[in-house]
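Novice: For reference, the chains in residue letters:
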Amino acid sequence: MGLKKTDVLLKIRDLKIQGYSDETWVDIIKGVDLTLHRGEVMGLIGESGAGKSTIGAAAMGYARDGTRIVEGSSIEFDGIELTTSSEAEKRALRGSRIAYVAQSAAASFNPAHKLIDQHTEAPVQYRIKKRLEAQEDAIELYERLRLPNPGEIGFRYPHQVSGGQLQRAMTAMAMSCRPDLIIFDEPTTALDVTTQIEVLAAIRDIVDQFNTAAIYITHDLAVVAQMADTIKVLLKGEEVEEAPTDQMLENPQEDYTKSLWAVRSFTSPQKHRPTDGTPPLISVKNVDASYSNGPKILDDVSFDIYEGMTVAVVGESGSGKSTTARVITGLLPPSKGEVLFKGEPFPASYKDRSKDQLRQCQMIYQMADTALNPKVQISEIIGRPAQFYSGLKGTALKTRVDELLDLIELEPSKYYNRYPPELSGGQKQRIGIARALAAEPTFIVCDEVTSALDQLVAEGILRLLDRLQNELNLAYMFITHDLATVRSIADEVVVMQNGQVVEQGPKDDMFTPPHHPYTDLLLSSVPEMDPNWLTTLLEERGVDNIGDAASAKIDPDDDKVEGTQV
Amino acid sequence: MVFVILYFALLLLLSCGAAYYNQRSAFLLLFSLTLVSLILAIIGGIPALRFVAIAAGLLLGAGMMSYAFREFLTALASDEMAKELRTAPLTAAFGMFVIFVVAIMGIFAPAIAPHGEAEIISQAFAPPDNNMLLGADQLGRDMFSRIIYGARNTVALALCGTVLAFILGAMAGLLAATKGGFFDGTMGRIADVIMSIPSLIFALLMLSIFGGSLAAPSTSFWLLFGFAVVVGALFLMAAAYSALSWVVGAAIVAGVAFAFALAGTSLFDASEIILILVVAIIYSPRVFRLTRAVAGNVVVMDYIEAAKLRGEKNWYLIRREILPNSTAPLVAEFGLEFCFVFLLIAGLSFLGLGIQPPTADWGSVVRENATLISFGEITPLIPAASIALLTVAVNFVVDWMLHRSSGLKE
Amino acid sequence: MGDILTLVGKRLGLGLIILLVISLIIFFMVELLPGDIAQAVLGQSATPENLAALRREMGLDQPAIVRYLEWLGQAVTLDFGSSIVTDARVTEIIGERFMNTLFLAAYAAVIAVPVSIILGVIVALLRNSIFDRVANVVSLSFISSPEFFLGYILILYFAVKWGMFPAIASLSEGMSFLDLLERTFLPALTLVLVVMAHMMRMTRAAIINLLASPYIEMARLKGAPPWRVIVKHALPNAWAPIINVVALNLAYLITGVVLVEVVFVYPGIGQALVDAVSKRDFPVVQACCLIFAATFILLNLAADVGAILTNPRLRHPK
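These protein sequence lines map, in sequence, to chains A, B and C.
Be aware that the first sequence starts at 1, since it is given in this note's numbering, and climbs by one per residue.
Be aware that the second sequence starts at 567, since it is given in this note's numbering, and climbs by one per residue.
Be aware that the third sequence starts at 977, since it is given in this note's numbering, and climbs by one per residue.
Honestly, I wouldn't trust all of these hints.
[Said to hold, decoys possible] List time: in silico DSBU-like cross-link candidates among lysine-lysine, alpha-carbon distance up to 30 angstroms:
(1) A:K351 to B:K649
(2) A:K129 to C:K1208
(3) B:K649 to A:K30
(4) A:K30 to B:K879
[Unchecked claim] So the derived list for chain A, only partly shown, Cβ under 8 angstroms to chain B, looks like this:
(5) M367
(6) L372
(7) P374
(8) P385
The set of hints was computed from the structure by calculation and includes no laboratory data.
Note that the coordinates shown come from a computational prediction; the quantities given were computed from them, not determined experimentally.
Don't be surprised by glycine CBs; every beta carbon is placed ideally from N, CA and C.
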């Protein structure tokens, strides 16, 4: 890619944006500068609340409802000052010279019109092309973006097209007037890894082909490394630093950036199954399951979890990993098969389980926000299981809660009387862990516990979970889609696809080839911090052997597919 | 003439002042008022302008009163309440003020009213004099006293009806959300059916059978008892989990229902009890739907799943997990429901089918004295206006609460 | 297309079932009467022989379910039996009145629907401005006013003080259409005021809800001018909510009409119902209730079917 030194396209100076909340205007963006040259792709990265998306909209002179651009800010697009130009002047730029690609394509396409009619709207309105020309051009763009059936797909309605394809159609729509600048606002965040890679490849190609400048907004470092020429890091509405991609990746200057860059350093030593013939703690045996007579969500799923070990269950959305957890906890009784606990069958529904059976198996949730009752004090959230299962009362209960708070490294006196909304995301997740521990379980289901957290916080949680496992001899079922998490904490790995277990085994085996083709696809689709990762991958696999196309090609008669059962 | 000159001078001065100090919206409002006044002056002459001036004066007075009342409340309330109250718009403060006044009127009615509720003290439709502030009604009773007593009767009935509708609807809604499945479906269908009959029409149907002057005390007692048993059964379904607790619970429910019915019949007369029950039955499906929806949003939360997996019983789930997270919308809905019930009762009384004479009530006072209107008198409109005012007031407060509970979303 | 037909068919079937259940409620509620109809008709003075004779005459000696089926069978052919107070056929009592009521409701709807939808859209576009707030307060006041309050105020000013329109909306044979419109103007206006406030608020809410969708923002960011955003992007998706608002408010008209008819002494079905209730003329009450409920259900049905037919996801299945 390399940096193209050409003339400046977009110049933002001292951008301040305020948002309206609690009856006052609060600063969201606190004076950001940005310079973008023609043909340059700039990545804006930062955690949630950093203001990336707001800056993206401001680059089009657009302030969302409830926000305003403060006077004194300057947004100069190709010599036109957007903050002072009229609404009509700004509108004339949008769609024709600056285009926008939104995060959720499914919500951003109008459900009432065909894709191609929405595509041709801008070029026809700006009299750049006649309607039919614009349609032909659309079909050509669809082809360049490697959409299946380019001649026909545009004549469908948005709800008839899949998410990854919609996202590419939206990129095509942004290209319809050959703009000078496109704002990509988290275009792949809502997609699965294997789908994401196709969209990334398509976006990068088309931006390259037309030499369009772009602002690429994302929170994913590895993604931005593939896409951007320069990277700007934001934190709470302020710029942390900006540098060309290579330099930024190799040699970040600021502490905050370094902390983001730090590759997950934590690895738990891999444990192995006991050899003395003790039965597994949890054993899932040939389970089929479906929701109220719907299609089968789980198809003949079997795996074992031994005492004190961590089994990571990996798969994309819809693979059935969370449904498996629901079967184990008894929320969804299986239609076939059973769950054994220490060799004894567990009643299928949680309603039929005894108090002691219920306490054995606890759960930690992905979204700590919805997992903790916002109207209940921390002391009661943690204390209730202790009171419920062990009948603790008064001082004994208080001592136990203090003990648990100590265990999760939170100061008891500080947190005892607080409510969940007053805590940070990481603290909430710790409270969730303490609640699970309060029941004194032997087995905990961790459902994507780190995926909603920023990287550093997530690592703290993983370390805590590992320490607790060693101290209390807990078994974990670790549901995740993040392979880095699997590498750091798992002892064994189960890979799921479409409700089936495609491969399972000890971690070291699973991360060394040969893989099952799906595992291979999954492993190869996870973006890496290397800026050349995507290029190399495309060279290795070929553009037609990634994403959905590749999943479709998986041959059921493959050796590795046959021999999946361990 | 002087009035007209002063009127326009003041308006122009104010709008220029607003324009000068960059108060855009105030300027727009004032200047458009000036323009409208010009047209009004041409069409309606001085009386029209006087009307505008009086209306503006009233608005200003109401605004100042509300402002002062809000400051008064903030000064009295605890820190946290005061912080909430400070966010209340003037309309909400006005609403609270009106509710406060009506409450005082109702509670201290016998002390405020100069004459008795049914006391005949002069000729029919006697004009106002020193003794009677608003003159006499169609039977020669003091109109002012009847309006004061009317506040007490109408509001008390509406409040009781709303409370009953709420207990039944909210309990069924919470239970349906927690239990789901068959119970949820059945309750939903029942609510569908009741809601497909227009409320006033359904009320008329039920009143034609049970209500009016023919209502028998024994009928109303058993109906009240039956209602209490239904509510009790819902509580039982939520709280009981073993055979023994069912038996004990059933006994308690029967006892409480009996006492409740006894208390009800001694407080209200038969036709009033029928009226309360009718509105309770008509509006409980609305409460059910809303509660079901609100609780439905809470039930899908992971903390409910966690509690279920812990083995908690329905009663704990409802009490500790669901209810604390649904109070804000439920309180707002209580206000809205009160408005509907209040309007329905007023409407029924106006039709002569609600509260029976000689008990005073805002709806029937309007009906009894409607003939005065054809002589250009506005006295019969005062109770009608009071109904509107109280309903507006409650709506203003509800609007504010909804706005708060929705987290300032549109 | 098949999906839509089954959905519409299901909805129609559901409406029919609800109507059937309501006819059950209306019929058997009267059975709950302490004593029975015969006793209610004759009052306290009834002798056992009188009662028995009347019961035979009214067919009360047959089981309730038989009488229900008979009543339902006749009701389907618009025959509701005869009044127990005047002995006249119920159909005769309410037939013409029902047409009058429909006329009044239609009169109000013709004015209220277009005006309030346009106002609602305007207010939605001007949201959070001073006009929006004023409109909010004013419409809330109208919603909160009982129909008889608005009606009497209109009478006081338009009829008594200014003498512009008649206070009593009596109808006579051979009135010209213009006369008719003038006579019924005040009751229609009362209904318009109440329904308009409701409809405007609901339209506003529906449009604002829609304008918050990401695809509207996308249209703006594609440089579409405001009118185009509304006409091309918002409106095709707004039909369902708007149809819903209209149907709900027409249904509301049906309830409001009862009070307004009483205020203006308008010879409609609402007044007949109120009279029948106070005289405990059950056949008339049952007939009126069934007619009102059927209209109500029909309107809700129309709204649901409209929403199904305008939903692009259903019109263009995968």
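Novice: Hint by hint, say whether it matches the structure.
Specialist: Evaluated hints:
no.	hint	in the structure
1	A:K351 to B:K649	violated (44 angstroms)
2	A:K129 to C:K1208	holds (20 angstroms)
3	B:K649 to A:K30	holds (28 angstroms)
4	A:K30 to B:K879	violated (50 angstroms)
5	M367	holds (7 angstroms)
6	L372	holds (6 angstroms)
7	P374	holds (7 angstroms)
8	P385	holds (6 angstroms)
Checked against the numbered hints given earlier, the structure breaks hints 1 and 4 and satisfies all the rest.
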